[in-house]
Amino acid sequence: MTHHQPTRLRSHPLALAAAIALSASAVQAQVIDDLALRREGKDAVMTIRMTVQVQLRRSVASGADDLLQVYYDVVTSREQPNFIDGERRQLQTAALPRVVVTEDGTARELTNRKLVVRIDKGVRMRARAGRDNRSIDVVLEGQGEALSSAPSALIEPAPVIGTPSDAEVTARAGQLIGLARESLTRGEPDLAIEQLNEALNLPPNARTPEAQEAIAAARLAKGDRAGAQREADLYLQLYPSGNGAPRMRSLLAELGGGSAPAPTVAQAEPTDAARRAATSQLTGSWSQYFYGGASQTQTVLKDTPLEGQLPKIISDTTLSGTDQKQLSSSIDLNWRQRDTERDLRAAFRDNHTYEMMLGRPSRNRLTAAYVDWKETGPGLQARVGRQSGLGGGVLGRFDGVQGSWTFKPKWKIGAVAGQPTDELLDTRRYFGGLSLDAEALTENLGASLYLMQQQIDGQVDRQALGLDMRWFEGSTSVFSQYEYDLTLRGTNVASLQGTTTLSGGTTVNVLADYRAVPLLMLGNALFFADPNRALPRRLSDLLAYRSLSDLRQSVAATTAYSKQGLVGVTHPVTPQWQVGADIRLTSVGAIAPVPSINYPGSPASGNIWSGSLQLIGTNLYSERDTHVASLTLFKQPGHNGWQLSYNNMSAPTARLQLEPSLRVYGDNGTGSVKTLRWSPGLRLAWRGGEKWVIEGEVSAESSKTTSPTLNDNSTRVFYYLGYRLDL
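Numbering (mature numbering (1 follows the signal peptide of the UniProt record, and there is no 0)) for the sequence shown: -29 to -1, 1 to 698.
Errors might be hidden in some of the hints.
DEER-style ranges, computed between Cβ atoms [unchecked claim]:
(1) K296 <-> S474: 47 to 55 angstroms
(2) A224 <-> P546: 47 to 55 angstroms
(3) A7 <-> R196: 25 to 33 angstroms
(4) L457 <-> Y325: 39 to 47 angstroms
(5) A7 <-> S474: 24 to 32 angstroms
(6) R334 <-> S446: 38 to 46 angstroms
Once the Cα atoms are required to be at most 27 angstroms apart in a straight line, the calculated DSSO-like pairs of lysine-lysine come out as [said to hold, decoys possible]:
(7) K645 <-> K606
(8) K92 <-> K662
(9) K13 <-> K193
(10) K92 <-> K13
(11) K379 <-> K345
(12) K675 <-> K606
(13) K381 <-> K13
(14) K606 <-> K534
(15) K345 <-> K383
(16) K645 <-> K675
(17) K345 <-> K381
Keep in mind the hints are simulated off the structure, nothing from the lab. Note that the Cβ used here is the ideal one computed from N, Cα and C, for glycine as well.
Kindly produce the complete structure, drawing on both the sequences and the hints.
Put into structure tokens, the structure is as follows:
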């Protein structure tokens, strides 16, 4: 969707450079890649895996314990995609209520995003940083027990700290089983079940069948006959010829569940039986939205003989009337089949935009169409089809294959090959890469090393060597990235980000980022070509009159670098109020003109400082209202400005959700040029049932720019209305 473009504080050189990097064609992108569940003690944890690098900022929970808003930043990345607002994923098991995650921008900003997590019943939720910089964890407090009653095929094992050997894993499982038996002896079946679930969440080992048998007995001791029957059935499905099989058949007979047939010679291997017990799930949605917009601009001369005589517009064009009219249709399908040995997924996501304005072509974007296969035993994983890069130096979306092999606990080698889906004039590009991943070099430290090479028209486009490192302990996470281009001999990225949540609930964020803008690639030379010659469409067009070494030097000479630093704090003052503050420094080097896309170039920005204060209130007049007010000040050479904003989310009824907002922006530029802009808006959603929702929004923007010689007034109205159906 390229519908509504948000109002920026100011046209930023970094945004302009990103446009160059994308060859004036933005990439449509989903943000959520997958949802996964696991148990951590008494809690259940849902990991939201993202397709972009993210940094958690804060979260706000409703008083009804059925809604959580998670605010995060998209870390400056190699590309600047057009995210699809309103993207949804849902996760449901027989043990837990349905959880729906919706991704959206914050007041339509591009890099400040928001996740809205809804659950069917009251469950206390809180957000924390994930174990890598592409995930956010949502903790469902007190739901570990409910999760433990779900089929183990649906639940991911808890991450194992360190790199334990098979003997160490088996020893830990034996220790937990012993503790569980002691708990049963003391008459504490709940504690025993928790300890046995921890044992079952370990990698498969020699004590796993024993733990599965013991948990059936623990559930029976608790008085949970249905749970005991379910665990005994699962034992016989997984280990039909195991030592505990006769006891499990006897238990089933006592519980009135019958008894499974005695194992035959053909059943000696449990693999086929386990796979027949696989659980399958199909989720997805279909949506259609109509987008419309109209603008009007009026410019009046001042302090001239014509003032008052030409009251109407004196500008190159008169903008008055409809400037946006389109119907956007999206489908999102996700199928998954999983058992204890195999995980098979398929995803299909497509968006079609039908343009109703003359001269604007309709377009279709297939954003995902892949099959993902994972075999637990040998540690193999592969994803084939149209997909987004998930690290390893892959840029954006591509058609191809990526796979990995976990050859030791927490050690993995990977490979990827494919072709970028975003077109670059008439060039042909493809890439391949290798990676080595260590989940735990030490108890808390992990790292990934990768080598990536991309070709363009038979020449090396980029040859990147990168190192990603991550450190995780409790509520603190730190991620770093460094990438160097071996052919163009320059740093692409050097970045460090960290998030920690202190004992009182205070969240602290830091970011230091240095990167090439646009990313170093030989293909960039196509856009910095001689304006006196015909626009080159392929690299061979340039090589006809310039040497390869000259092109490489040209890319290095025309590449700017951006620097960005951030420190932010959010502190809960009372159960209903939070305060936040952050300060950010951005600096972008000079960007050369690009005649091929009519870009005149940009001087170095100098240091751009911005500071922001936030006040967040929750449940002030209901169980589901949230309020975010912020004041942002920014200053750069020859220019300063401010923005005041307010966003509200309220649910007067269980079915109706209202989101009014207001932004007021002002700035003072060189030459006594002043701008004042008002942007009110209202968004609403009506949930007519469990599976469908009607949504709409209307927003306006009124802007006035004054200077010693001109007054410029413009207005814009934007609206959309549509529906979404969930499977």
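Against the structure, the hints come out as follows:
1. In this structure the supplied range 47 to 55 angstroms holds for K296 paired with S474, their Cβ-Cβ distance being about 53 angstroms.
2. At about 52 angstroms, the CB distance of A224 to P546 agrees with the hint of 47 to 55 angstroms.
3. A beta carbon spacing of about 30 angstroms between A7 and R196 agrees with the range 25 to 33 angstroms that was offered as a hint.
4. Here the CB-CB span from L457 to Y325 is close to 45 angstroms, well matched to the stated 39 to 47 angstroms.
5. Between A7 and S474 the Cβ separation comes to about 27 angstroms, which falls inside the hinted range of 24 to 32 angstroms.
6. Distance hint check for R334 and S446: the Cβ-Cβ separation is about 43 angstroms, which falls inside the suggested range of 38 to 46 angstroms.
7. For the suggested pair K645 and K606, the alpha carbons sit about 14 angstroms apart, so the restraint of at most 27 angstroms is met.
8. At most 27 angstroms may separate the alpha-carbon atoms for a hinted pair to count; K92 and K662 meet this at roughly 16 angstroms.
9. Restraint check for K13 and K193: the C-alpha separation of about 16 angstroms stays at or below 27 angstroms, so the hint holds.
10. A hinted pair counts as satisfied when its Cα atoms are at most 27 angstroms apart, and K92 with K13 qualifies at roughly 18 angstroms.
11. With a C-alpha separation of about 16 angstroms, the suggested pairing of K379 with K345 holds against the 27 angstroms cut-off.
12. In summary, the hint linking K675 to K606 is supported, as the alpha carbons are separated by about 20 angstroms, within the 27 angstroms threshold.
13. For the hint pairing K381 with K13, the CA-to-CA distance comes to about 25 angstroms; that is within 27 angstroms, so the pair holds.
14. Simply put, K606 and K534 have alpha-carbon atoms about 16 angstroms apart, close enough for the 27 angstroms limit, and the pair holds.
15. Taking the CA atoms of K345 and K383, the gap is about 13 angstroms. The hint holds against a cut of 27 angstroms.
16. Annotation: proposed proximity of K645 to K675 holds, straight-line Cα distance about 8 angstroms (limit 27 angstroms).
17. Taken as a hint, the K345 and K381 pair is honoured in the structure, with Cα atoms around 15 angstroms apart against an allowance of 27 angstroms.
When the structure is compared with the earlier hints, no violation turns up for any of them.
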